[in-house]
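Visitor: Each chain, written out:
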Amino acid sequence: MVTRRLLVGWTGIAFLAVVVALAVLVPALNLGLPPSSRFHVPTHIVVLLGKWLCYALLAISLDLVWGYCGILSLGHGAFFALGGYAMGMYLMRQIGTRGVYGNPLLPDFMVFLNWKELPWYWYGFDQFWFAALMVMLVPGALAFLFGWFAFRSRVTGVYLSIITQALTYALLLAFFRNDMGFGGNNGLTDFREILGWGVREPGTRAALFVATCVALAGGFVAARAMVVSRLGLVLVAVRDAESRTRFLGWRVDRFKVFVFTASAVMAGIAGALYVPQVGIINPSEFAPTNSIEAVIWVAVGGRGTLVGAALGAVLVNGFKTWLTGAFPEVWLFALGALFVAVTLFLPKGILGTLGGRRRRPVPPTPTPAESRAAAE
Amino acid sequence: MPVETSAVLYLDGVDVSFDGFRALNGLSLVVEPGEMRAIIGPNGAGKTTMMDVVTGRTRPDSGTVLFAGVHDLSRLDEAAIAELGIGRKFQRPTVFEMHTVWDNLLLALKQRRSVFRCLTARTTAAERARLDEILGVTRLGDLRGLPAGILSHGQKQWLEIGMLLAQDPALLLVDEPVAGMTDSETEQTAMLLRDINRTRSVVVVEHDMSFVRALGVRVTVLHEGSVIAEGSLDAVSANERVVEVYLGR
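Read top to bottom, the protein sequences are chains A and B. Following this note's numbering, the numbering of the first sequence begins with 1 at its first residue and continues without gaps. Following this note's numbering, the numbering of the second sequence begins with 1001 at its first residue and continues without gaps.
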C-alpha cells in the first residue's frame, strides 16, 4: 500500500543499533577493562564521544526544521546553549560550600561580584527536576515566542536565517555581561556533583555517556515519528510550496511554530547533556559560528534524513578533532572548503546521495512538448 | 455593510492598487450558486488579482467581497478562506513535487487541519475510498505511488484538479486550466469541469477561446480592472468595446 510509512526504516534500525552498541560497549570497555588492556577505552575518549553524540542530537533537531520544513536556522546553537546554562545552574548550586569562597547559597562568581543575595531566576535550580524542566522549557519558550512573531509575520528564507543569527548573537552579548548573573565571560564551571555523584568520576562519566545515547535514540525516534506522520507530510509541503499549502487550508504558521519549538527543546536537551561532560558552559557557546557549524554537519550528512544529520555531526567533529590537533590554524578554512565542496559535489549530503542511488531510478521528467508529442 | 444576496460570490466596487497602479478598478461581479462563469480579458486586465482578492492573498483597498452572502472575504486569510470552501487552481500547476500523487491528494482532502490531530492521524477507510474515487475521475490511479514531480505537465494539471475535488469546495476558482495541454486533454478537461459544475460553482479564467466556447457558459470580460461586458460568448464577441480592447485600437 502506498500510504504505509515505517516508523523506523532500515537506516534508522542501523542507526539505533549503533547507538545501543555504543551505549553498552563504550562504558563496558572503559570501566570493565584495566588501562593496560588493548581494548580499554580511556575516559577522555568516552567524554569526546559523548560530546559528539550531543552534537548529533543537535544536528537531528536542526534537520527536523531545516531538512523537513525548510526553516534554515542559523541560531540553533542558542537553544543548545540555553539548555546547557540551565544544567550549568543546577551544577553550580550543587557546589555549595565547596566553592573557593565557601558560600552555601551563592556561586563563587556572585560572591566575587559582591552580590548579597541570589537573583530570583536562580531559585529552584538546586532541585534537579526543576533544572531538567527548565532545560526544555527555556529553549522551548524562546523558540515558541520567536516563532510566533516570525512565522505569523511570514518571515521566511534568508531573512529568517539572519534573524536567527541575530538572536544567538544578542544572547552571546547578553551572557557576556556580568550583571546578567550567569558568570559573564567565564560562564559556569568548576562543577562538583550531579545527583550526588562526582562529575569527574569515571562511573559518572560513563553514566552521562549512556544518558546521551538514550537521549539521542529517543530524539531520533521522536523526530522520525513526527516526519512520518501526517504532520510530516504538511511540513514537507510547506518546505516545497508554502503558499500552496496555505491555499489548501493549512495554517502554516502553527505547524512551523510547533516544529521549531519541538526542535528547540531537543537542542536544549543536547546542551544539558553536553555541559556536565565538558565541565563548562560559557557565552562562546552562543557564538554564531557554532550554529553555522551545525548547519554544515547537517549539509554534509544529508538534509531531510535525520540519520545523515547525526552522521554528519560525528564525521565533521571527528575531522575537526584530528585537524585542530594536527594543523590548528587551518580549521576554519577547512570548514569553509568542506561546505563549498559539499554544496558543489554532494548537494544531497552523504546519506542523501547513498540513499538516492539505492532506490529505483526515476524516469526523467518529460517536458510539456514531449508529453504533447507522446499524446499525438 | 449588510448586503442581501443569494450569490455564492459577490464582489462590489472592489479597488486594488499596487504602488499607484490600479489593478482592480471598481470591479463588480456576481456568481450564483451552481453557476459556471468564464472570465476572459487581455493581459493585465486584473484576472489574477481578482482571484488573489477572493482567496485572501491580496486585501482590497475598498469594496465588498462576500462568499455565500455572509462571509466577508476581505477580512480573512488564505487558510480561513480555503476552509470556508473556496478552492483555487493556479495558472502554473503547483503540486508538491516530492510527495506522491496519493499524498498530494491526502493533503488536500477535507479534514481537521490541526497540528496535534496530524501527529496521530491515520488514513481512514472513508478517506481511502474518497481518494480512490478522485484518482479514478482524474485518471491518475496507476500513478498514485509516483512522486508528483515526475508527472507530465497535463498530469500535473489533472492532479491539481483532483486536489481541488479532494478539498470539496463549494466554489472553485480555476486559472487557465488548459494552458499547455493537448487538444484531447483540453476536451477531457472541459468535460471534467462541466461534471464538477453539477455540484459546485466554478469560475474559470482562460485565454483559450475554443475552450471557453466548449464550456458554453456565461462570459465576463475584464479590462483594466473593471468589467466591460458580460453575456454569452457570441454576445460579448460582438461587443464593440471588447473587440477594441482585444485588437488594441
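Keep in mind that the hints were calculated from the coordinates and are not lab data. C-beta: ideal position from N, C-alpha, C; glycine also. Mixed in with the good hints there might be a few duds.
[Said to hold, decoys possible] Simulated DEER-style distance windows between Cβ atoms:
1. A/L315 / B/E1097: 41 to 49 Å
2. B/L1119 / A/I162: 29 to 37 Å
3. A/P347 / B/D1142: 27 to 35 Å
4. A/F130 / B/S1114: 52 to 60 Å
5. B/R1112 / A/F130: 50 to 58 Å
6. A/A174 / B/D1142: 54 to 62 Å
7. A/T343 / B/G1069: 32 to 40 Å
8. B/R1112 / A/H44: 19 to 27 Å
9. B/R1112 / A/I163: 29 to 37 Å
10. A/I162 / B/K1110: 36 to 44 Å
11. A/E201 / B/K1110: 57 to 65 Å
12. A/T289 / B/E1097: 13 to 21 Å
13. A/Y123 / B/E1097: 23 to 31 Å
[Claimed, not checked] Interface residues of chain A toward chain B, partial, derived using beta-carbon atoms under 7 Å:
14. W148
15. L231
16. R251
Visitor: With reference to the structure, classify each hint as holding or not holding.
Guide: Now the hints, each set against the structure:
| no. | hint | verdict |
| --- | --- | --- |
| 1 | A/L315 / B/E1097: 41 to 49 Å | 30 Å, violated |
| 2 | B/L1119 / A/I162: 29 to 37 Å | 31 Å, holds |
| 3 | A/P347 / B/D1142: 27 to 35 Å | 31 Å, holds |
| 4 | A/F130 / B/S1114: 52 to 60 Å | 31 Å, violated |
| 5 | B/R1112 / A/F130: 50 to 58 Å | 36 Å, violated |
| 6 | A/A174 / B/D1142: 54 to 62 Å | 59 Å, holds |
| 7 | A/T343 / B/G1069: 32 to 40 Å | 54 Å, violated |
| 8 | B/R1112 / A/H44: 19 to 27 Å | 53 Å, violated |
| 9 | B/R1112 / A/I163: 29 to 37 Å | 32 Å, holds |
| 10 | A/I162 / B/K1110: 36 to 44 Å | 38 Å, holds |
| 11 | A/E201 / B/K1110: 57 to 65 Å | 59 Å, holds |
| 12 | A/T289 / B/E1097: 13 to 21 Å | 34 Å, violated |
| 13 | A/Y123 / B/E1097: 23 to 31 Å | 52 Å, violated |
| 14 | W148 | 13 Å, violated |
| 15 | L231 | 4 Å, holds |
| 16 | R251 | 5 Å, holds |
Hint check: violations occur at hints 1, 4, 5, 7, 8, 12, 13 and 14; the rest are consistent with the structure.
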